[in-house]
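Read top to bottom, the protein sequences are chains A and B.
Numbers given in the working numbering equal positions in the first sequence, counted from 1, plus 5.
Numbers given in the working numbering equal positions in the second sequence, counted from 1, plus 5.
Check before you lean on any hint, since a few could be wrong.
For identical chains, the list gives no copy identity; a pair is met inside one copy or between any two copies.
[What the hints assert, rightly or not] Subject to a maximum C-alpha distance of 20 Å in a straight line, what follows is the list of computed EDC-like cross-link-like pairs (lysine to aspartate or glutamate): (1) K50 - E366; (2) K204 - D24; (3) K39 - E468; (4) K50 - D135; (5) K314 - E136; (6) K445 - E393.
Derived from the structure by calculation, the hints contain no laboratory data.
Since the model is a prediction, treat every value here as computed from it, not as a measurement.
What follows is each chain in one-letter form.
Number of protein chains: 2
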Amino acid sequence: MSAEDFRRYGHQVVEWIADYLSHPERYPVLSQNKPDQLKEALPSKAPERGETMEAMLADLDRVIVPGMTHWNHPGFFAYFATSGSAPGILGEMLSAAFNVNAMLWRTSPSATELEEVTLEWLRQMIGLPDEFKGVIYDTASISTLCAIAAAREAAGLQVREQGLGATGAKLRMYASEHVHSSVDKSAITLGIGQAGLRKIPSDGEYRMDSRALEQAIQEDRANGWQPFCVVATTGTTSTTSIDPVPAIADICGREGLWLHVDAAYGGSAAVVPEMRWVLEGSDRADSLVVNPHKGLFVPVDLSVLYCRKMNVLRGAFSLVPEYLRTGEGEEVKNFMDYGPQLGRRFRALKFWFVMRYFGVEGLQDRLRLQIALAREFAGCVDQSDDFERLAPVPFSVVCFRAHPKSLSDEADLDTLNERLMDEVNRRGRVYLSHTKLAGKLTLRLAIGNIRTTREHVKLAWDELNEGLVRIRG
Amino acid sequence: MSAEDFRRYGHQVVEWIADYLSHPERYPVLSQNKPDQLKEALPSKAPERGETMEAMLADLDRVIVPGMTHWNHPGFFAYFATSGSAPGILGEMLSAAFNVNAMLWRTSPSATELEEVTLEWLRQMIGLPDEFKGVIYDTASISTLCAIAAAREAAGLQVREQGLGATGAKLRMYASEHVHSSVDKSAITLGIGQAGLRKIPSDGEYRMDSRALEQAIQEDRANGWQPFCVVATTGTTSTTSIDPVPAIADICGREGLWLHVDAAYGGSAAVVPEMRWVLEGSDRADSLVVNPHKGLFVPVDLSVLYCRKMNVLRGAFSLVPEYLRTGEGEEVKNFMDYGPQLGRRFRALKFWFVMRYFGVEGLQDRLRLQIALAREFAGCVDQSDDFERLAPVPFSVVCFRAHPKSLSDEADLDTLNERLMDEVNRRGRVYLSHTKLAGKLTLRLAIGNIRTTREHVKLAWDELNEGLVRIRG
Numbered sequence: 006m007s008a009e010d011f012r013r014y015g016h017q018v019v020e021w022i023a024d025y026l027s028h029p030e031r032y033p034v035l036s037q038n039k040p041d042q043l044k045e046a047l048p049s050k051a052p053e054r055g056e057t058m059e060a061m062l063a064d065l066d067r068v069i070v071p072g073m074t075h076w077n078h079p080g081f082f083a084y085f086a087t088s089g090s091a092p093g094i095l096g097e098m099l100s101a102a103f104n105v106n107a108m109l110w111r112t113s114p115s116a117t118e119l120e121e122v123t124l125e126w127l128r129q130m131i132g133l134p135d136e137f138k139g140v141i142y143d144t145a146s147i148s149t150l151c152a153i154a155a156a157r158e159a160a161g162l163q164v165r166e167q168g169l170g171a172t173g174a175k176l177r178m179y180a181s182e183h184v185h186s187s188v189d190k191s192a193i194t195l196g197i198g199q200a201g202l203r204k205i206p207s208d209g210e211y212r213m214d215s216r217a218l219e220q221a222i223q224e225d226r227a228n229g230w231q232p233f234c235v236v237a238t239t240g241t242t243s244t245t246s247i248d249p250v251p252a253i254a255d256i257c258g259r260e261g262l263w264l265h266v267d268a269a270y271g272g273s274a275a276v277v278p279e280m281r282w283v284l285e286g287s288d289r290a291d292s293l294v295v296n297p298h299k300g301l302f303v304p305v306d307l308s309v310l311y312c313r314k315m316n317v318l319r320g321a322f323s324l325v326p327e328y329l330r331t332g333e334g335e336e337v338k339n340f341m342d343y344g345p346q347l348g349r350r351f352r353a354l355k356f357w358f359v360m361r362y363f364g365v366e367g368l369q370d371r372l373r374l375q376i377a378l379a380r381e382f383a384g385c386v387d388q389s390d391d392f393e394r395l396a397p398v399p400f401s402v403v404c405f406r407a408h409p410k411s412l413s414d415e416a417d418l419d420t421l422n423e424r425l426m427d428e429v430n431r432r433g434r435v436y437l438s439h440t441k442l443a444g445k446l447t448l449r450l451a452i453g454n455i456r457t458t459r460e461h462v463k464l465a466w467d468e469l470n471e472g473l474v475r476i477r478g
Numbered sequence: 006m007s008a009e010d011f012r013r014y015g016h017q018v019v020e021w022i023a024d025y026l027s028h029p030e031r032y033p034v035l036s037q038n039k040p041d042q043l044k045e046a047l048p049s050k051a052p053e054r055g056e057t058m059e060a061m062l063a064d065l066d067r068v069i070v071p072g073m074t075h076w077n078h079p080g081f082f083a084y085f086a087t088s089g090s091a092p093g094i095l096g097e098m099l100s101a102a103f104n105v106n107a108m109l110w111r112t113s114p115s116a117t118e119l120e121e122v123t124l125e126w127l128r129q130m131i132g133l134p135d136e137f138k139g140v141i142y143d144t145a146s147i148s149t150l151c152a153i154a155a156a157r158e159a160a161g162l163q164v165r166e167q168g169l170g171a172t173g174a175k176l177r178m179y180a181s182e183h184v185h186s187s188v189d190k191s192a193i194t195l196g197i198g199q200a201g202l203r204k205i206p207s208d209g210e211y212r213m214d215s216r217a218l219e220q221a222i223q224e225d226r227a228n229g230w231q232p233f234c235v236v237a238t239t240g241t242t243s244t245t246s247i248d249p250v251p252a253i254a255d256i257c258g259r260e261g262l263w264l265h266v267d268a269a270y271g272g273s274a275a276v277v278p279e280m281r282w283v284l285e286g287s288d289r290a291d292s293l294v295v296n297p298h299k300g301l302f303v304p305v306d307l308s309v310l311y312c313r314k315m316n317v318l319r320g321a322f323s324l325v326p327e328y329l330r331t332g333e334g335e336e337v338k339n340f341m342d343y344g345p346q347l348g349r350r351f352r353a354l355k356f357w358f359v360m361r362y363f364g365v366e367g368l369q370d371r372l373r374l375q376i377a378l379a380r381e382f383a384g385c386v387d388q389s390d391d392f393e394r395l396a397p398v399p400f401s402v403v404c405f406r407a408h409p410k411s412l413s414d415e416a417d418l419d420t421l422n423e424r425l426m427d428e429v430n431r432r433g434r435v436y437l438s439h440t441k442l443a444g445k446l447t448l449r450l451a452i453g454n455i456r457t458t459r460e461h462v463k464l465a466w467d468e469l470n471e472g473l474v475r476i477r478g
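Modelling step: build the complete structure from the supplied sequences, incorporating the hints.
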C-alpha cells in the first residue's frame, strides 16, 4: 500500500473509530446475531485478486458490526467490564506499526525497557515493595500459569529436568472454591492435574476459610501429598470477594509454600489510596498478577505478573538456543527468559500512553467513580422490594437478584432471574451476566468501562425493573 | 478523550505511521541504544497529573524511536523477518477500538466466526484436508504447547484429572536436534521435562533422520519410556530445513504417536502452488502450526494451530465455570475451550484485511519474490571467493559465512564472522543474526519483510563484502 493510500485509509479508520466511540448507543451491547450468521454472509474462500479497502470498510459496517458484542460500550456490565481508552488505542496503533518482537533486549531495547519502566510505575502506584519486579504477559491465565510454574520449580523436584512423571511426586496446591478457572487450567496444563488442586471452602462472604486451608495442608501431608503453592484471590470472579491474604501469608510462611495472589481484577483498585487495603498481606506474596487490561483502561491484552523471585521464574523457563544468543549478557533483561512464549508484542507502549494521559490522579478519579456508582446501584437494590443483594461490594461489581415478595421457591427464582437477564440483554441497552452463589442464580452488574456514567447505571436499574414488570405480566 | 481530540491525535498518529513506513531507511535497523539508555531518559514514577498527547508524541521521537530495532524496516534480515503490512495495521487499529474478548461466541460472534472463516480460507490456501479445523493463539510457542497438551491427553493416562506425578508415567516425545526451543519449553511447561524430549540426529542437510527416530522409539519402549508424540519441522529456525514428514507420519501411524508439524515458518510458503510440496505428508499430521504473523504480512501476534482432532484438544483444556455458561450450547464454538487462555483478542480481523487486500495472487507474488531474492543472494555467495554457503535454501533464508581462501582455522573463521556480523549490524543499514551449524558460526540472511526489494538484498551483499574488506584491513 502506498503512503498516500495508507494516509487516506488510516484517516478513514480514525474517523470511523471516533464515530464509533462517540455514539456506541446506536448498537445493541450484546450482539443480536444468530449462530452462523456472519459465516453465511462471507465467501467460503479467500479472494484470488486483491480487493479495495473501500469494500473492506463497507463490510465492517455490513457484516462485522452486527456480530459484535460491544465491550467498549458504556452499557456493558457483564463479566468484568473493560475499556479500550483512547490513548490506549493510539498506543496500539503505533505498536502495530513498529511490529517488534520484544523477545530479546536487542530486538527492541525500547519495548524491553519501557516494560520495566511502566511496571515500576505501576508497582509504586499499587504500593508493592520494591523487591517485586514485573513482566508483561498476554493474559492473567498465562501470568498465573507462569507463577505456578515458578512455584513448581521452587519445590525442588527438578521437574524442569526430569518431568513430573519421573518424580512420582503428588504435588498439591490450594485455592478457594471461588478461584478463577484459569487456576484449574494452569494445574491441568502444568501436569499437576485437577486432583493436584484442592479447593478450600469459603466463608459466608465468599472468602477462603484460612483455618480450613491449614487443616487441608496438614491432612494432605499426612496422606503423602506434597503441598507447594497457595493461590489467594483479591477480587474473585463471581463476587469480587477478597481472601484473607495476611492469614494465608502466615500459613504459607510456616509451611514453606509459594503464595501467589490473583489480583487480576482487584489489584487495579489499589491505585486509589483509600482502597490500598485490598492488597493487605500481598507484600508477603511470592507473586501477584494484576491486569491493566481489566481495571486500568488499557486495550486487551496486557497482564502483569509481579514476582519477588525473578530468578526462580527465570529458572523455570529460561532456555537460550544459539540462534538467540546475543552479546549483551547479564547486563540486560531478555524477557523471553521469563515465560513459555518467545514472541512478545510491544504491549508497554499503550500502557505508558494510558498512565501519562490520565496521570495517577486521573486514574484514581475514574476508579473512585466506578466504586461509587456500584455502591449507588447496591443501595437501589437494598432499598427495593423486588430485588435483593447477594454479596458485599468491595469494588465495582454488584451481585443481586430479583426476589419479589410473592416468590419463595428457589427454582422459581432461578427461572425468573434467568428470564429477566435474557429479557434485559435482548433489548440491547445494557448487558449483564450471571453466576451462581450458594446455588442461587445471581445477576452481576460489573462497572468497568471508562465511558460508563451514572446515567448508564441508572438505565441498567430501569431496564431491570421494567423488565421484571414485563415478564411478570 | 473527546471525539474531537481522538480525531486530532488519531490523524497525527496516522501521519506519523505513514511517514515512518515510507522512510524507514532514516533509522538504523538495529537500535544503537546502550543498556539502560531509555530507562535513564524517563521519570522513575508515573506523572500525578495527566500529560498532553503532544508531549507523549514528542517522546515517541525523542525516547522510543532511538531504542527501537526496526522489524518493519526492509533491511531487517535477522531471525525470521516479518512484516506489519498496511492493511494489517488498519485491522489492528479497529481491533483495539472494539476491544472485545473473544472467549465465548456470545462475547463476540464476529470475532469467533471470522476466526473460523479466515482459518478455513487459509486451510484451503495451503492445501490441508478439510478435516483440519483451526484456532488462533498468540504465538507458535502456545500453539505448540497446546498441540503437545492434546497429544498428552490422547496418551490416555488421565493426566488432566490425576496429574503426571500420580501416573508415574515416563512420557517421551521426539523432535530433531534442530527443533525450535519452544518445543523444549513446552516439554518443561507441561511437566514432561527436558528428559521427556529426545532429540533425534539430523542428516547432512539438517533434516531429522527418520531411521534414527524409529530406533529411538524402540529403544525407549524397551527401557520403560512411553512414547506419545513426534514434532516434525517444516522450516527449522537455523536453516529452514524440512524434516521428512511422510516417513515420520508412517512411523507415527505404526507406533500410534501424535504427529505435530511445526510449520510456523514454512507453512506460509505453501500458499504458492509450486511450493505446496513443503507440506507433503502434513495431511497425515494430527496437528500443524503456521504463523501468519511470520510469513503472511500480519502484525504480531497471530499463530494458527490446525488440528484434526479438535475434540481431543478441547478435552485437554475445556472447563466451564458457571459464570461463563451461556445458552448457545454446542451450536457455537467457544474458543476459550481450546487453550489455557481465557482472554482472546480479536486477531482474525487483521488477517481478514490482509487476505482480502492482497488476495491469494498478491500473497503468492510477494512470497515468490522473497524466495527468488534468497536464491539470488545464495547465487552471489556461491560465486564468491570470500563467502561460502552452509545449507540448502528451500525458502527465503540463506545460511552462509565469510571464508576467505587464506583462512582455514575454524576458531579464526568463527571470530571473523562474528566480527563481520557486528560490523555490518553496527552500521545499521541491514541487520543479520547468526546460528551455529556443525559447530561453525553461521550468518543468516532471512528475507521476509514485505518492503524488502532486490536493492535491499543487494545492499546486504555489499555491506558484507565491504565490511569484510574493512575488518581484514
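Now the hints, each set against the structure:
1. K50 - E366: between (50 Å within a copy, 13 Å between copies)
2. K204 - D24: Neither: 47 Å inside a chain and 55 Å across chains, both beyond 20 Å.
3. K39 - E468: neither (23 Å within a copy, 58 Å between copies)
4. K50 - D135: Classified as between; 13 Å across copies, 54 Å inside a copy.
5. K314 - E136: within (8 Å within a copy, 45 Å between copies)
6. K445 - E393: Only inside one copy: K445 and E393 sit 12 Å apart there, 73 Å across copies, limit 20 Å.
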